[in-house]
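Let the sequences and hints guide you as you build the complete structure.
Number of protein chains: 4
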Amino acid sequence: MAHKNRIGNLFSLTSFGESHGPAIGGVIDGMPAGVTIDMEQLQHEMARRRPGQGGVTSSRSEPDEVEILSGVMDGVTLGTPIGFIIRNRDQRSEDYDHLKDVYRPSHADYTYQAKYGIRDHRGGGRASARETAARVVAGALAKQVLSQLGITITASQVSQVSQVSQVSQVSPENSPSKLEGGGGSMTHPSQYHDNTNDTPSQGDTYGGVVACVIKGVPAGIGEPAFGKLSAQLAEAIMSIPAAKGFEIGLGFDFVNHRGSEVLDKWVIKDGKISTMTNFSGGIQGGISNGNDITFNVAFKPVATLMQPVEGIDNQGNAVTIEPRGRHDACVVPRAIPVVEAMAAIVILDNMLINRASRL
Amino acid sequence: MAHKNRIGNLFSLTSFGESHGPAIGGVIDGMPAGVTIDMEQLQHEMARRRPGQGGVTSSRSEPDEVEILSGVMDGVTLGTPIGFIIRNRDQRSEDYDHLKDVYRPSHADYTYQAKYGIRDHRGGGRASARETAARVVAGALAKQVLSQLGITITASQVSQVSQVSQVSQVSPENSPSKLEGGGGSMTHPSQYHDNTNDTPSQGDTYGGVVACVIKGVPAGIGEPAFGKLSAQLAEAIMSIPAAKGFEIGLGFDFVNHRGSEVLDKWVIKDGKISTMTNFSGGIQGGISNGNDITFNVAFKPVATLMQPVEGIDNQGNAVTIEPRGRHDACVVPRAIPVVEAMAAIVILDNMLINRASRL
Amino acid sequence: MAHKNRIGNLFSLTSFGESHGPAIGGVIDGMPAGVTIDMEQLQHEMARRRPGQGGVTSSRSEPDEVEILSGVMDGVTLGTPIGFIIRNRDQRSEDYDHLKDVYRPSHADYTYQAKYGIRDHRGGGRASARETAARVVAGALAKQVLSQLGITITASQVSQVSQVSQVSQVSPENSPSKLEGGGGSMTHPSQYHDNTNDTPSQGDTYGGVVACVIKGVPAGIGEPAFGKLSAQLAEAIMSIPAAKGFEIGLGFDFVNHRGSEVLDKWVIKDGKISTMTNFSGGIQGGISNGNDITFNVAFKPVATLMQPVEGIDNQGNAVTIEPRGRHDACVVPRAIPVVEAMAAIVILDNMLINRASRL
Amino acid sequence: MAHKNRIGNLFSLTSFGESHGPAIGGVIDGMPAGVTIDMEQLQHEMARRRPGQGGVTSSRSEPDEVEILSGVMDGVTLGTPIGFIIRNRDQRSEDYDHLKDVYRPSHADYTYQAKYGIRDHRGGGRASARETAARVVAGALAKQVLSQLGITITASQVSQVSQVSQVSQVSPENSPSKLEGGGGSMTHPSQYHDNTNDTPSQGDTYGGVVACVIKGVPAGIGEPAFGKLSAQLAEAIMSIPAAKGFEIGLGFDFVNHRGSEVLDKWVIKDGKISTMTNFSGGIQGGISNGNDITFNVAFKPVATLMQPVEGIDNQGNAVTIEPRGRHDACVVPRAIPVVEAMAAIVILDNMLINRASRL
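Protein chains in written order, with the numbering used here: chain A, 98 to 456; chain B, 98 to 456; chain C, 98 to 456; chain D, 98 to 456.
There may be inaccurate statements among the hints.
Intra- or inter-copy, both count: the list cannot distinguish identical chains.
[As the list claims (entries may be wrong)] Listed next, the in silico DSS-like pairs over lysine-lysine satisfying Cα-Cα at most 25 angstroms (straight line):
#1 Lys197 x Lys312
#2 Lys197 x Lys362
#3 Lys312 x Lys369
#4 Lys366 x Lys197
#5 Lys197 x Lys369
Simulated from the structure, these hints should not be mistaken for lab results.
In structure tokens, the structure reads:
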């Protein structure tokens with residue numbers, strides 16, 4: 098569950114920070130006590146999120162050093178809240194003076210102004226993707242706990258066209274659960290353009306799809322009705338900047354199949370009940386069934402082009418906005434660790450909540 | 098925000114009920130005081146959700162009479178919680194005796210058993226789509242409030258292939274915001290099968306896509322970071338039984354376009370800032386921009402076939418399950434009022450929350 | 098944690114109902130699965146709350162039959178939400194017609210009107226003590242779970258003056274933890290009037306103090322900072338109608354002692370760390386220490402007198418209100434099971450939350 | 098509503114920090130946009146909380162400089178979350194090495210250890226009163242908003258015995274609402290020792306009562322059932338370290354009076370409905386009635402004496418703990434701004450929530 102700037106229930110993150118304020122950060126509440134934190138691993142996750150992933154670079158180069166301020170003593174969690182900050186260092190706020198009274202197209206400039214009557218125009222303010230750094234901190238800690246519970250989360254950009262074609266012929270042999278690494282449960286076969294190796298032409302940008310596979314979640318995780326694991330994942334993932342679509346298992350491709358084609362038939366694997374296929378994406382009735390949990394996320398093209406675009410000022414006048422600095426042409430490579438982080442927060446929260454399911 | 102069997106914050110629904118228990122129902126907390134309730138309209142919404150929509154019928158015929166137990170006096174809301182129940186009358190629970198120790202494929206039988214160590218096997222228990230009746234009650238009341246605020250919510254099944262083709266050529270003239278009625282912001286052009294007029298053959302089932310358009314939401318609704326309106330809608334919608342995908346605006350189709358093609362350019366309409374196109378689906382940075390909010394939902398085919406299917410019993414033995422009674426071949430027609438209900442709950446909740454945005 | 102008409106987090110009650118509407122009731126969410134419910138015990142708790150306790154009677158005689166609508170099958174909890182209703186049968190709503198536009202002194206008539214612009218004037222509406230019946234239902238179920246965990250909750254009216262005097266001489270031998278039954282941790286020695294055996298004279302009313310002892314809570318229950326067990330108990334208890342004071346352990350009497358007099362010295366009991374005295378009331382730093390949790394609650398005199406009182410109408414005119422029907426002269430006997438219920442809800446919720454404290 | 102380290106709903110504080118970690122701090126979510134922050138006033142509130150108030154000094158001298166990291170631009174709130182930190186500078190952590198495996202009497206050492214299996218033993222860790230600095234930050238901002246709404250909050254130590262005596266003779270002329278400054282709604286007349294001018298003798302400590310008066314809250318604030326304003330205040334106040342009792346209006350003293358003596362009779366003041374007396378403390382049925390809201394809080398004596406005390410180590414051996422450093426002999430002077438802060442958080446949150454009461 099999320100509310101404003103907080104997500105999660107027993108394990109929660111409350112985050113803060115504008116792109117060009119002094120710092121971003123957050124409070125992680127509900128981290129179980131007694132967990133040894135691997136700070137190197139945490140900084141590794143931060144590095145995955147930084148600009149310049151996948152050969153596509155942005156102008157801002159933050160060291161993104163996470164300073165943990167509480168909740169950890171001698172590297173071990175205390176069970177108390179973990180406060181942390183990441184200083185904003187490479188700000189160049191003056192780069193944004195020309196945007197003070199201007200609303201860029203397809204940005205949150207106008208919507209924040211409409212909501213609050215005021216906004217921080219520098220680098221997108223609170224709406225900047227910079228806030229995702231706080232998500233990665235919480236996600237990295239969640240992952241470390243999940244790892245001890247035998248759960249791993251791996252996201253990757255959908256790109257391998259050949260595998261995608263296989264999926265479109267739905268059958269037990271090449272069902273989504275068989276496709277790992279290259280595509281997870283890729284479900285929009287004919288439609289996706291393989292843009293992994295594209296380079297931005299003429300300052301243009303593009304989006305992409307991220308597939309995520311969560312392994313090791315036991316059967317029984319998630320809640321009935323509104324607290325379905327699929328719903329919680331949808332909320333968490335769709336709260337990532339630029340996320341515009343979410344699907345679980347076969348997702349939208351379910352529409353192209355009859356019920357008889359996409360039932361997940363039962364099988365006994367290693368003495369345990371499992372399914373032959375995994376069209377459901379590991380969740381039935383909102384509760385995990387023990388299979389891999391698989392979902393896809395669609396990200397729109399980055400709205401900041403490196404070419405002149407037309408904006409509007411707060412008086413309603415058209416304004417041409419010249420590109421400044423450098424920006425990512427595609428958000429997807431950097432979004433991958435964020436997708437994993439959000440999934441990790443949801444899964445850990447639900448693993449903890451589930452401890453109360455039975456007496 | 099949702100947690101277990103509750104959704105919403107200032108305006109919330111907490112629901113209860115198994116398909117074959119004495120009743121289902123819920124508590125609507127936070128209904129603003131002083132609203133005159135139109136009970137006829139409410140029952141009309143209930144009728145839209147009942148089996149037998151669109152010529153496709155199910156065996157169960159519930160009158161679905163809503164009994165309001167509190168929070169309303171002389172037809173006007175008191176501001177206090179509205180408790181309500183709907184009796185389960187046409188139950189035929191003995192129809193389900195053969196499922197007591199059997200897990201049907203792609204149902205929640207096994208996952209509930211794994212979670213709780215016990216389950217109500219009759220008609221799907223808590224996982225039955227019957228629980229959506231409570232959603233429609235809350236949604237109907239929310240809609241009546243929203244209507245006074247000038248907001249309407251209309252969902253419909255995606256079917257008009259001709260319009261769909263138009264959308265695939267993205268341009269200002271035929272952008273999603275122009276497509277209403279037949280398809281909302283239809284975004285998966287090549288892929289959807291028009292199954293509206295299909296009849297179930299050989300006891301098989303199918304799914305479908307529902308498009309939803311919300312008109313009249315002012316700019317500024319939704320919260321930053323985790324409380325994005327798009328994220329809250331995703332959670333609410335994906336909590337509907339059988340929902341497997343959610344996309345907002347162009348959604349997954351964003352992937353097929355360059356940034357320069359899908360920026361929503363500004364325009365002054367009726368003296369107000371608006372956009373020429375609406376690829377964003379009315380939400381930027383998680384906050385409404387005043388345009389129509391448009392999203393699509395994918396529903397999987399109904400998992401209960403009217404033909405023999407293979408299940409497994411709790412000892413791991415394969416079991417053939419013969420069809421009994423009659424069931425919907427497609428959930429989509431009945432899902433439409435549920436989609437509208439969940440959207441209404443989210444929008445009203447956020448309209449109320451937004452009252453606190455400024456001093 | 099509470100919000101509007103809901104209390105609790107993992108184990109929660111959302112209640113509804115006006116005194117003279119069709120029914121009151123609620124939804125209990127988070128009841129652990131697999132618990133056998135003793136309905137007789139539940140009805141016994143309901144009987145304890147009914148008018149006519151302690152020889153002091155009120156006019157209304159409700160059978161208070163609890164109808165459980167979901168979440169229980171064959172007497173065993175399913176883990177799904179438990180919806181329940183209690184019909185309002187003996188209503189005599191016309192008795193209240195004269196109060197439609199009148200605000201009684203020290204009642205919630207005016208405050209509800211001021212908040213909502215409308216109110217149900219019949220029998221106090223939502224502000225009636227009748228809503229506590231829903232609390233007792235949830236509390237009775239919570240108690241049944243707690244009982245299996247070795248936890249008991251006993252409230253009683255403070256009355257034995259002799260014991261009270263002892264407490265005022267604080268010493269290990271007669272510290273609060275030694276006083277059970279008659280007074281728990283009675284802490285306002287000189288001040289309380291023993292009104293247990295009083296009879297209402299001239300239609301007047303009186304209040305009283307309820308002491309509560311919770312036995313068997315293990316050390317470690319409660320949360321840091323804002324979620325202190327003492328704070329959660331205070332909130333839950335102070336939400337009971339007519340509750341005006343709450344104190345834990347020595348409470349207000351701490352003020353009369355030096356620190357050196359009221360430290361709870363350590364001792365090893367049965368091989369476990371414990372304390373010789375229990376001035377702290379079983380909670381230190383907001384977290385249980387394994388000792389009895391003891392607290393007191395002050396209830397104000399019933400505001401409905403059986404003698405004429407002066408009210409005011411909504412035009413500002415003084416109005417004399419003649420007594421009608423019969424009412425309790427003292428709320429305390431009926432409040433006892435409500436105090437126990439609220440304590441049970443808080444303790445069970447925290448027992449469940451605590452399962453997530455460590456990996 | 099509170100949960101773990103968070104309090105509040107629309108306006109909330111999530112805090113973090115151990116006494117001897119790098120910093121304490123928090124996130125204030127839901128601060129309305131467009132409020133000009135007076136940082137000087139904020140630091141003034143911090144200074145009121147620092148050791149050394151009222152001539153009684155503690156050894157630790159922190160400058161308590163609040164660094165605001167987000168949510169404010171050019172001194173004006175943005176509506177986005179306000180992250181802040183206060184560095185811990187004057188730590189002397191080695192002073193606490195002798196307490197690593199020792200549980201002090203009436204401290205939270207043992208309870209934290211029992212809960213988490215680990216604890217920060219330095220200066221009380223998370224259980225230290227140092228965490229209240231974060232409360233004062235949020236409270237100071239809430240007060241600045243409330244001030245614009247015409248609401249003021251004033252707490253003070255109960256001490257003027259003469260006024261106290263007056264109160265014990267309850268009558269309209271000297272009812273609680275008449276007593277300001279010196280005692281608010283002082284309600285335990287005979288029992289309180291006036292210790293304002295006491296000096297600690299022989300390293301001993303003492304507690305005290307704080308009375309708080311909130312002026313300017315309009316009628317209609319607070320929620321029904323569990324969200325009563327009195328309940329929310331009780332929770333917030335009882336979450337302050339060392340708070341052991343809470344009472345509203347006449348509180349425990351209600352017990353000493355008949356109903357006919359303590360009805361708050363109506364009167365028209367300045368054309369508005371008001372009451373002649375204020376025994377209710379400004380709240381009826383959990384909702385404000387427009388009068389002053391008055392409550393008292395009891396604080397226990399500081400548990401850290403400046404004389405040797407007996408502790409126990411984690412092996413069960415008795416240990417004598419010698420006093421080190423200097424500590425406050427009475428927590429009450431420093432608690433006053435914390436009481437005000439917690440009250441301010443609750444009142445602002447409820448003022449915002451109430452905006453949704455009516456359409």
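Right, here's what the structure says about each hint:
no., hint, in the structure
1, Lys197 x Lys312, "neither (46 angstroms within a copy, 30 angstroms between copies)"
2, Lys197 x Lys362, "between (58 angstroms within a copy, 18 angstroms between copies)"
3, Lys312 x Lys369, "within (16 angstroms within a copy, 42 angstroms between copies)"
4, Lys366 x Lys197, "between (60 angstroms within a copy, 23 angstroms between copies)"
5, Lys197 x Lys369, "between (60 angstroms within a copy, 19 angstroms between copies)"
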